[in-house]
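These protein sequence lines are chains A and B, in that order.
If you count the first sequence from 1, position 54 lands on 54 in the numbering used here, and the numbers rise without skipping.
If you count the second sequence from 1, position 173 lands on 173 in the numbering used here, and the numbers rise without skipping.
Far from chain A, by Cβ distances over 10 Å, these chain B residues were calculated:
#: 1; residue: SER23
#: 2; residue: ALA32
#: 3; residue: ALA33
#: 4; residue: GLU47
#: 5; residue: ALA49
#: 6; residue: ILE53
#: 7; residue: GLY55
#: 8; residue: GLY56
#: 9; residue: LEU59
#: 10; residue: ALA60
#: 11; residue: ALA67
Cβ-Cβ distance ranges computed for the label pairs, FRET-style:
#: 12; chain 1: B; residue 1: GLU157; chain 2: A; residue 2: HIS58; range: 42 to 50 Å
#: 13; chain 1: B; residue 1: ALA174; chain 2: A; residue 2: HIS58; range: 26 to 34 Å
#: 14; chain 1: B; residue 1: ALA216; chain 2: A; residue 2: ARG91; range: 31 to 39 Å
#: 15; chain 1: A; residue 1: ARG90; chain 2: B; residue 2: ILE53; range: 34 to 42 Å
#: 16; chain 1: B; residue 1: GLY56; chain 2: A; residue 2: THR40; range: 22 to 30 Å
#: 17; chain 1: A; residue 1: ARG90; chain 2: B; residue 2: VAL219; range: 28 to 36 Å
#: 18; chain 1: B; residue 1: ARG186; chain 2: A; residue 2: LEU103; range: 41 to 49 Å
#: 19; chain 1: A; residue 1: THR40; chain 2: B; residue 2: GLY79; range: 24 to 32 Å
Taking beta-carbon pairs under 7 Å as the criterion, some of the chain A residues facing chain B (in silico):
#: 20; residue: LEU7
#: 21; residue: ALA14
#: 22; residue: LEU28
#: 23; residue: LEU42
#: 24; residue: LEU61
#: 25; residue: ALA78
#: 26; residue: VAL86
#: 27; residue: ASP96
These are calculated hints, taken from the structure and not from any lab test.
Note that the Cβ used here is the ideal one computed from N, Cα and C, for glycine as well.
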Amino acid sequence: MNPFGDLALQRYLAVGAILFVVGIIGFLTRRNLIIVFLSTELMFQGVVVNLVAFGRYHHNLGGQALAMFLLAVAAAEAAVALGLVVLLYRRRGSIDAEAWRELKG
Amino acid sequence: MNAAVKILLPFGPAQMSGAAIVSAAAVVVLCAAAALGTVLLLPGAREAAIRKIGGGVLLAAGAVLAALVARGSAADPAGPFFWIFSALAIAGAVRVVSHTVPVYSALYFLLTTLATAGLLVLLWAEFLAAALVLIYAGAILVTYVFVIMLAARVQAECDTHSREPVLASAACFALLGMLLVVIFQRPAVSRGEPAQTAADATPALALELFGNHVVAVEVAGVLLAVAVAGAVIMGRRGAPPLAPLAPATRQIIGDDNPHNIPVYGADSARRPGA
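With these hints in hand, go ahead and build the complete structure from the sequences.
Structural data, given as structure tokens:
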């Protein structure tokens, strides 16, 4: 049985942090709305790794239970976000986020 | 009390005394290099050769970080699968963000999902790994590919140009640098609990979900139902705006062709006199 110590936890937290930050970069820089929402899913995956690693470290299943709810929220988010993308595409004929610049106010 | 203060103040002098797995200076240098590589790699008005250089810089930064982590945690070495899965996950994530063709981005996201599921198996979360593959690779990704096929058939300018890559990379890698510096410090307190066995992870998760969190499970179901209803309402093709009818044409307009459906309207081509 392999123990799961501090060093192992730190490795997994680093992977989760890198996934999350790569997702933020995609969210901020990409202009295609579909890729923007795909980047949020990347951020979700980093958070899942984080939660499950902490759950393993602390020997309880709260992390995994929270990650299950996170999956449900991610599915709901994907459905609503893609519905919005289709709606916006029908209005403007483009999925460029810059096509909606006037929303900045 | 002292330990609590040490946890709350991770930048305290007791923790910055060179005891970190990867030193803060190395993290800062690597993050700066990776930010530079990211700026070069992100799609923009640059040639493919420059983007490849950016990818190389990013790859080198990741490899150096992995080597430093492996050296710093030599007391508790990770198995080969951890390195394989995390390298695949991070490389796939970078390609999702940097690829200019949306379909390829979606496929690299599939790679990231499968690698993350591998990491979850290493963390004894077998059920969650299976759920991740089913939900992400099976449902969410298929939805994304559908929308890409619907809306992004031609490569547009929005795929080949990034918005503020320098600013975003600088801010995000500053965040990553701070996260990694804090993560890689030696913990002030170490926990010494016995390890649990992995054999009963899934039934235990079921007991946890449907015992302690049963109301939340139901609420999650309601959330999914609401999201589906909202997506259907948003995606429905709305009625086109109606033109006001002139009084003289308020009549059924039709012709002798039985296949033509009689229509109400002003300017119909099927009007007999027109």
